[in-house]
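Residue numbers (our numbering), protein chains in the order written: chain E, 1069 to 1433; chain V, 221 to 378.
Take the hints with a grain of salt, since some may be wrong.
As the list claims (entries may be wrong) - No farther apart than 25 Å at their CA atoms in a straight line, the calculated lysine-lysine pairs in the DSS-like style are these:
#  : chain 1 : residue 1 : chain 2 : residue 2
1  : E       : 1080      : E       : 1390
2  : V       : 272       : E       : 1401
3  : E       : 1080      : V       : 272
4  : V       : 320       : E       : 1401
5  : E       : 1106      : E       : 1190
6  : E       : 1098      : E       : 1137
7  : E       : 1203      : E       : 1137
8  : E       : 1282      : E       : 1390
9  : E       : 1390      : V       : 272
10 : E       : 1105      : E       : 1137
Stated by the list, open to error - Not everything, but these chain E residues come out facing chain V in the computed CB check (under 8 Å):
#  : residue
11 : 1372
12 : 1373
13 : 1375
14 : 1396
15 : 1407
16 : 1412
17 : 1415
18 : 1419
Claimed, not checked - Covered by chain E, per the in silico footprint, the following chain V stretches (three or more residues, Cβ under 8 Å):
#  : segment
19 : 260-267
20 : 320-331
21 : 342-356
Keep in mind that the hints were calculated from the coordinates and are not lab data.
Think of the CB as a built atom: it goes at the ideal place given N, C-alpha and C, for glycine as much as any other residue.
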Amino acid sequence: MDSVAERPSGSKAPAEIVIEEILDEIAVPKDVLQEAKKRRNLVLEIAGQHPAGRKGFPSGSVAHGTENKPLEDADCGEMIDRRFEEFRAYGPDASGVGKGPTAFVESFRAFIESRIRQTYPKATATTLGQKRSIKVEFNEPVDFDEWGEVDPYVDFIVGLSMAEGSGIWIPNLETDSWDPGDPMLHTSLMTERDSRALRIFRARVLRLAKRAVKRDAAGGGVAVMCSWNLSAFALEFFDEVTSLSIGLEGFLAYASEQIAAHLTEDPSDAITDPIRLPEGVSQEQASARLAEMSAAVGRANEQYSPQAARNELEAIFGPEIKEINERAASRMKRALGREDAAGIAAGIGSAYPQGGSSWSDGIVC
Amino acid sequence: MGSFAEDAERVQARFEAQALEASLEFVRRERGFREYLYDFAVEVIGTHEIRKIQVYWSPSRPEDPVTRMPGVACRRHRNQSPDPIRDLSLCLWYPSDPLKDRWTLDGGLRQLRDLAATHAFCESRCRLGEPWHKREAPRPHPRPQGCRGCPENWRSCP
Chain E
1069 MDSVAERPSG SKAPAEIVIE EILDEIAVPK DVLQEAKKRR NLVLEIAGQH PAGRKGFPSG
1129 SVAHGTENKP LEDADCGEMI DRRFEEFRAY GPDASGVGKG PTAFVESFRA FIESRIRQTY
1189 PKATATTLGQ KRSIKVEFNE PVDFDEWGEV DPYVDFIVGL SMAEGSGIWI PNLETDSWDP
1249 GDPMLHTSLM TERDSRALRI FRARVLRLAK RAVKRDAAGG GVAVMCSWNL SAFALEFFDE
1309 VTSLSIGLEG FLAYASEQIA AHLTEDPSDA ITDPIRLPEG VSQEQASARL AEMSAAVGRA
1369 NEQYSPQAAR NELEAIFGPE IKEINERAAS RMKRALGRED AAGIAAGIGS AYPQGGSSWS
1429 DGIVC
Chain V
221 MGSFAEDAER VQARFEAQAL EASLEFVRRE RGFREYLYDF AVEVIGTHEI RKIQVYWSPS
281 RPEDPVTRMP GVACRRHRNQ SPDPIRDLSL CLWYPSDPLK DRWTLDGGLR QLRDLAATHA
341 FCESRCRLGE PWHKREAPRP HPRPQGCRGC PENWRSCP
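Extracted from the complex, chain E is given alone in its bound form (with noise of 0.2 Å):
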């Protein structure tokens, strides 16, 4: 018997397709990182105005460029110049028994708070339950039509410049003390450092991976390891812009192979302690966990088409995947009512406009 086998050439892989589609459906509606950022900068604004307040930096997911939906706040911190005389004892590098944080945020808790109600007047500013940062909320939802309400709240830190070195101190107010942090160098090495072809491609490769772990944590499981742990590894990793569905699983798999064999070193000198896992994972864990993910989007990469490509990461993109194929499956069924052959088409995936009634009356057609 004769067979004769023909394969496309030249287009996409499926596993790219459904990557950029889960890309997507995990962006940031642009209106709601304005709006987020707005605040953010406010805030930035605000602190900038405190006598003390030395250089305002933004930080976190939304300045690295790796944020996801649903974004619920933005991060950032005011470094404040020790020479003003209120703030010469606190640090642990200040001359006799350093000042724990506590009061040092109140301080500028209170600033914050009393500012920040000009103009958005429920606003409130709390360290209540807060690790390390203020916790500025707006409490003024705002309404975007596609997107629903949405009210992001701002996570703002201030950190004591370090006396030598580029990092700062930033508070731990659980223990009343300082920790080591560079957020402004994390910011630089994600934002500045490498092209910018490179720059966007580990950011865009970064989502993936943080909605990939998070999503372990948000099944009642536990995330393996924290955003930054995966930026820190980013930063190591990508030197080469690949396609996404490649990178992704070069990634995790360096990312799995790493974490087995020690924990991250932060890239900043201030910082000497390793990044820790969170508590309860051990490295093992993590690099299994990690290991299993560049399986899935290894299967993946490995399938003729979308929808196998789909199937195959579905076991870490579910709900994405579960959206993705709802919300096709709408469109369709719009495009098949109006009898809009180009929306049709489009739904199928084929070039020419689609038309045409089923019938059948019990014979042959």
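Assemble the complex: chain E is given as a structure, and chain V must be docked to it using the hints.
Only chain V this time, still in chain E's reference frame:
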């Protein structure tokens, strides 16, 4: 005027041309003298399903392809025939539709794939108890005998 063999090759080229142009992945097997079976798969939109599609086609009867979808059959728009190849094959177009909406030899395998993908979607929604979403020929479409595609959910047919 060419030989019969040359004519058959030309017809076959027409039948496959758009599929090749659209990079449709398919396998073609010879079933007998100038009888072909094409295998390919369609993704069922909004589901996890990937359905296998089989097209029986011959250049000696070029306007008469038979398209089958193995597996669970929603019989609402399937053909009934004593011919086992044609029985439960997919009803994909209505002969009275305007020409632009009908299957043509030039649309060929590519168009059959497109029609089958839409059909597979409609069957999947039918099994969920939804109406047949594609336009139906203007006549009643009662639930066919022996349809087990969606015994619990059928509500769109009388």
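Hints and how they fare:
At roughly 22 Å between alpha-carbon atoms, residue 1080 of chain E and residue 1390 of chain E fall within 25 Å of each other, so this suggested pair holds. Straight-line distance between C-alpha atoms of residue 272 of chain V and residue 1401 of chain E comes to about 22 Å, which keeps the hinted pair within the 25 Å bound. Between residue 1080 of chain E and residue 272 of chain V, the direct Cα distance comes to roughly 22 Å. Compliance with the 25 Å bound is thereby established for this hinted pair. Pair hint residue 320 of chain V plus residue 1401 of chain E holds up; C-alpha atoms about 21 Å apart against a cutoff of 25 Å.
Simply put, residue 1106 of chain E and residue 1190 of chain E have alpha-carbon atoms about 17 Å apart, close enough for the 25 Å limit, and the pair holds. Annotation: proposed proximity of residue 1098 of chain E to residue 1137 of chain E holds, straight-line Cα distance about 11 Å (limit 25 Å). Restraint check: the Cα-Cα separation between residue 1203 of chain E and residue 1137 of chain E comes to about 20 Å, which is no more than 25 Å; the hinted pair holds. For the hint linking residue 1282 of chain E to residue 1390 of chain E, the alpha-carbon distance of about 17 Å falls within 25 Å, and the restraint holds.
Using a Cα cut-off of 25 Å, the hinted pair residue 1390 of chain E and residue 272 of chain V holds, with the two alpha carbons roughly 22 Å apart. A C-alpha spacing of about 15 Å is found between residue 1105 of chain E and residue 1137 of chain E, which places the hinted pair at or below 25 Å, so the restraint holds. Look at residue 1372 of chain E: its Cβ gets to within about 7 Å of chain V, closer than 8 Å, so that hint holds up. Annotation: residue 1373 of chain E was flagged as interfacial toward chain V, and the flag holds, the nearest CB pair being 6 Å apart, inside 8 Å.
Hint status for residue 1375 of chain E: holds, given a least beta-carbon distance of 4 Å to chain V, under 8 Å. Because the smallest distance between the Cβ of residue 1396 of chain E and any Cβ of chain V comes to about 5 Å, under 8 Å, the interface hint for this residue holds. A cut of 8 Å between beta carbons decides the hint on residue 1407 of chain E: the least distance to chain V is about 6 Å, and the hint holds. Taking 8 Å as the C-beta cut-off, the interface hint given for residue 1412 of chain E holds, the closest approach to chain V being about 6 Å.
For residue 1415 of chain E, the interface hint holds, since its Cβ comes within 8 Å of a Cβ in chain V; the closest pair sits about 6 Å apart. Of the supplied interface hints, the one on residue 1419 of chain E holds, with its beta-carbon coming within about 6 Å of a beta-carbon of chain V, less than 8 Å. Counting residues of the segment 260-267 of chain V whose beta-carbon sits less than 8 Å from any beta-carbon of chain E gives 7, enough to reach three: the coverage restraint holds. Under a criterion of three residues with beta carbons nearer than 8 Å to beta carbons of chain E, the stated coverage of the segment 320-331 of chain V is upheld, 7 such residues being counted.
Interface restraint, the segment 342-356 of chain V with chain E: holds (8 residues with C-beta to C-beta distance below 8 Å; minimum three).
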